[in-house]
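2 protein chains.
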Amino acid sequence: MYIFQADQLAGLASDYRRDLINTLAGLKSPTLVGTVDQGGTTNLALFNSLIHIGANPPLLGVIFRPLTVTRHTYQNIRDTGFFTINHIHQDMMPQAHQTSAKYATGTSEFDACGFTPVFTQLHPAPYVGEALVAASLSYVEEHLIQANGTILLVGNVVEVRVQEGLLEPNGSLAFDKAPFLASSGLNTYLKAEKFKRFAYAKPDTPVQEIP
Amino acid sequence: MYIFQADQLAGLASDYRRDLINTLAGLKSPTLVGTVDQGGTTNLALFNSLIHIGANPPLLGVIFRPLTVTRHTYQNIRDTGFFTINHIHQDMMPQAHQTSAKYATGTSEFDACGFTPVFTQLHPAPYVGEALVAASLSYVEEHLIQANGTILLVGNVVEVRVQEGLLEPNGSLAFDKAPFLASSGLNTYLKAEKFKRFAYAKPDTPVQEIP
Numbered sequence: 001m002y003i004f005q006a007d008q009l010a011g012l013a014s015d016y017r018r019d020l021i022n023t024l025a026g027l028k029s030p031t032l033v034g035t036v037d038q039g040g041t042t043n044l045a046l047f048n049s050l051i052h053i054g055a056n057p058p059l060l061g062v063i064f065r066p067l068t069v070t071r072h073t074y075q076n077i078r079d080t081g082f083f084t085i086n087h088i089h090q091d092m093m094p095q096a097h098q099t100s101a102k103y104a105t106g107t108s109e110f111d112a113c114g115f116t117p118v119f120t121q122l123h124p125a126p127y128v129g130e131a132l133v134a135a136s137l138s139y140v141e142e143h144l145i146q147a148n149g150t151i152l153l154v155g156n157v158v159e160v161r162v163q164e165g166l167l168e169p170n171g172s173l174a175f176d177k178a179p180f181l182a183s184s185g186l187n188t189y190l191k192a193e194k195f196k197r198f199a200y201a202k203p204d205t206p207v208q209e210i211p
Numbered sequence: 001m002y003i004f005q006a007d008q009l010a011g012l013a014s015d016y017r018r019d020l021i022n023t024l025a026g027l028k029s030p031t032l033v034g035t036v037d038q039g040g041t042t043n044l045a046l047f048n049s050l051i052h053i054g055a056n057p058p059l060l061g062v063i064f065r066p067l068t069v070t071r072h073t074y075q076n077i078r079d080t081g082f083f084t085i086n087h088i089h090q091d092m093m094p095q096a097h098q099t100s101a102k103y104a105t106g107t108s109e110f111d112a113c114g115f116t117p118v119f120t121q122l123h124p125a126p127y128v129g130e131a132l133v134a135a136s137l138s139y140v141e142e143h144l145i146q147a148n149g150t151i152l153l154v155g156n157v158v159e160v161r162v163q164e165g166l167l168e169p170n171g172s173l174a175f176d177k178a179p180f181l182a183s184s185g186l187n188t189y190l191k192a193e194k195f196k197r198f199a200y201a202k203p204d205t206p207v208q209e210i211p
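Same order as they appear, the protein sequences are chains A and B.
Under the numbering used here, the residue at position 84 of the first sequence is numbered 84, and the numbers go up by one with no gaps.
Under the numbering used here, the residue at position 20 of the second sequence is numbered 20, and the numbers go up by one with no gaps.
It should be emphasised that the hints constitute simulated quantities derived from the structure, not laboratory data.
It cannot be assumed that every hint is accurate.
[Stated by the list, open to error] Covered stretches of chain A, going by a simulated chain B footprint (3 or more residues, C-beta under 8 angstroms):
no.: 1; stretch: 21-29
no.: 2; stretch: 32-42
no.: 3; stretch: 50-60
no.: 4; stretch: 90-101
no.: 5; stretch: 139-146
no.: 6; stretch: 172-184
no.: 7; stretch: 191-203
Beta carbons are placed, not taken as given, at the ideal position from N, Cα and C, and that holds for glycine.
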C-alpha cells in the first residue's frame, strides 16, 4: 500500500500530482461540448467533468478551469446561452481526443478534427452528428470554487437525442449496448461492458440482481 | 433517433425522467463515502457524483441531494470536517450497492453490509478496508445549486492510499489494472478495460497513441 499524505502531495512534481489527482476522481464520462460564438464559428471541446445535478428539473453540470485565459466554450455559453453535450464512442476516436488541442481562435474543431455539425431548431449550438447520445442545455447558473478559481456551470436539459436501440423501456440510456468510452485522468480511455444491475436496495433484504 | 424536447421531458413520468437524466450524465465513478458522527457511529454511503475540481491544491467534489431530510454523510462531514472516498471494484459488490439502503440512524453500513472500517491517524472518518484506492478529504467549501437545492461540497485531499501495482510511474492510478466498476444511472454497473491512451494533443499533429 502506497500512502501519500498532505505534505507529500504538496511536494510532488506538478505533472505527477496532476495525474495522481485527476485519476483519483475515478472513471469519468468524456463528452464533447458543442458551442458557437457570436460570429457563427462553431467550437467543440473535450470535457471529462460532466455531472448529474438533478432530474426534475433536468440539470447537468460541467467544471471549467479558471478563466485566466479565454475559454472559448465558457464564453460561447455565456454569449449564446446554450451548449450541447455529445457522448464519445470508440469510432469517434482519436478525433475526439484531438479536439483538446489548442486551436487558434477562429478555427472550428469540427473542421479541424473531422466532425459533422448538426443543428436543432432550438438554438445555434451544434451537435456532433457522429454521436449516438447527445443533449442540448441552456445556461442556468454558475458557482465559482473559491479554493482554486474553477467554475461549476449548470445547464438545463432542453433536448435529448438518442440513437434507436439505446433507449431502454424504463427511460435509461443503454451505455452497455454501444461502444461508449469512459476516461481516466487526461488521456486514458476505457471500454465499458455490463457487469451487473441491482434493484433498489432495502435494509434487511438481500440485494437483488435484475436483468 | 429518438428526440425528447423540453415540454416532453417535463411531461414524462418521474421514474422515467429520473432514469433518462441520470443515465444522460454518462459513465460515472461509484464510490463509497466514509464518515463518522459525533457519537462515534461510522457511516458508509454510495455516491455516483465524484468529480475532479483541481490538482493544486488537490480538490475533489461530490453532489448532495437537497437537505430536505437528514443526510447523515453531509451532517457528519460538517460536524467532523472529514470524509473518505473508497473506489468500488467487483469483489465489493453487491455489498457496496447495499449501502444505498435507508438504514436507521445509529446503524453503521460497515456492519450492516460487511465492510471493514480502517482508520488513519489524521481524522476519525473511516476508510473501507476492502478498497484498493481510497483518499481522505477535509471540508473546504460548498455551493447551493439554486435551481434544485442540491449542494456541491468540495474537499481537499489530505491522504491517498493506493494498493501496490496500481500506481503508474507517472503518478496515474491504473484503473485498467484492477476490476474497478463504472456506474450508469442509479443501479447499473459496468466493467472497464483499457481502450487506448493518447499523448497530449497539438494542432497540426496527428494524435499519437502511447502505451
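Against the structure, the hints:
1. Figure legend: the stretch 21-29 of chain A, annotated as covered by chain B; annotation consistent (9 residues with Cβ-Cβ distances under 8 angstroms, at least 3 required).
2. Check on the stretch 32-42 of chain A: 0 of its residues sit with their Cβ under 8 angstroms from a Cβ of chain B, so the three-residue criterion for coverage is violated.
3. For the stretch 50-60 of chain A, the proposed coverage by chain B is satisfied: 11 residues have a C-beta within less than 8 angstroms of a C-beta in that chain, meeting the threshold of three.
4. Coverage of a stretch by a chain is defined here by at least three residues with a beta carbon nearer than 8 angstroms to that chain's beta carbons; for the stretch 90-101 of chain A and chain B the count is 9, and the condition holds.
5. Requiring three or more residues with a Cβ within less than 8 angstroms of a Cβ of chain B, the coverage given for the stretch 139-146 of chain A holds, as 5 such residues are present.
6. Here the stretch 172-184 of chain A counts 8 residues with a CB under 8 angstroms from a CB of chain B, which clears the bar of 3, and the coverage holds.
7. Restraint check on the stretch 191-203 of chain A versus chain B: 13 residues with Cβ-Cβ distances below 8 angstroms, three needed, restraint holds.
Of the numbered hints given earlier, the model fails hint 2 alone.
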